[in-house]
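With these hints in hand, go ahead and build the complete structure from the sequences.
From first to last, the protein sequence lines stand for chains C and P.
Counted the way my numbering counts, the first sequence spans residues 1 to 261.
Counted the way my numbering counts, the second sequence spans residues 1001 to 1092.
These are calculated hints, taken from the structure and not from any lab test.
Please read all numbers here as calculations on a predicted model, not as lab measurements.
For every residue, glycine included, the Cβ atom is placed at its ideal position computed from N, Cα and C.
Do not take every clue at face value.
Among the chain C residues that face chain P by a calculated CB cut under 7 Å, a handful are [unchecked claim]:
#, residue
1, 1
2, 2
3, 159
4, 169
5, 178
In the SDA-like style, the derived pairs of lysine to any residue whose C-alpha atoms are separated by at most 25 Å in a straight line are [said to hold, decoys possible]:
#, chain 1, residue 1, chain 2, residue 2
6, C, 14, P, 1082
7, C, 5, P, 1029
8, C, 42, C, 130
9, C, 5, P, 1082
So you can see what is in the structure, the chains are spelled out below.
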Amino acid sequence: MSMMKRISLIFQSKANKALDRAEDPRETLDYSYQRQLDLLSKVRRGVADVATSRKRIELQVNQLEQQSQKLSDQAQKAISMNREDLAREALTRKSGLTGQITDLKAQHAQLQGEEEKLTLAQQRLQAKVEAFRTRKETIKANYTAAEAQTKIGEAMSGIGEEMGDVGMAIQRAEDKTANMQARAGAIDELIASGALDDASSLNRGDDISRELESMSSQADVEAELAALKGLSQPSQPQAIEGGDILSPEAQKATENREGQA
Amino acid sequence: MIVRILGEGQFDLTDADLDWLNELDTAVETAVENGDQAAFETALAALLDAVRSHGALHELDALDPSDLILPPADATIDEVRAILGDEGLIPG
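Rendered as structure tokens:
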């Protein structure tokens, strides 16, 4: 027998087993309807769970991309200060992040696919549950227990198959999400431990920025010193213009005034 | 004839489609038996594409059981074995 036929028989036998359990077949209708509603709310929760995981990954990608940009800037700055060693270190860390980002983006796409699939599954089940509810009321109103059996069987096998399908879809989505959540948790821990340096905690900084900052503050001191020294010697244009007007003694007096100011 | 692709819904096909459906299904089955994942993926994709392109979506609010059921598009060989074997993948 073909694979397709075997799978359909397996689904049908599941639906029939549920039918055999009840003494009055009409009880099966109410019981099944309740299970359909339960399954519907389970699908809704499933969609929400997948969406939460997807958003978490989006957040992580943003954090890692910020961090990656920061490392690029640091490398640039290090090069401008002739510190190739620091630039190399920054770029090495950045390439590690790029791998993580690519990986997370692939997971994100997968979760988006799962979310869409579950949303469609929810719509299909919703339509069938609604149809079942109508059929259930008709059967309960119009048939005796004995007559109802066949009608119920017809309604049950269609909805039973859909429930099996949707149940399986949720199971698969849950497995995938659980797997990704474990990995997302590991990345959160890495970010928290500072190994990847969380770009959102600006006060903490990392070793590369500390070194660059100390270098640039040294550079600032030098620049300020140079500026102060520059002030103590009249700037060149003034000297050229004023050279003929002021005697060397008067120039010295000007310097002293400026020095005191 | 109603064919369900698990995870996607039901499609209406004509009985005349059964011949080539069976042909494509045999390719999938052979790949499952041989444990050949690459061949399985190609064969399953061909089978599902054929159903999607030849079939029309069955009414959403119908309660009809399917004549044939196909594995989901991203199924692995192990999953198909689980469905066919101990029914482990189908809840309740």
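Notebook entry, point to check: What hint numbers does the structure not satisfy?
Noted result: 1 and 5
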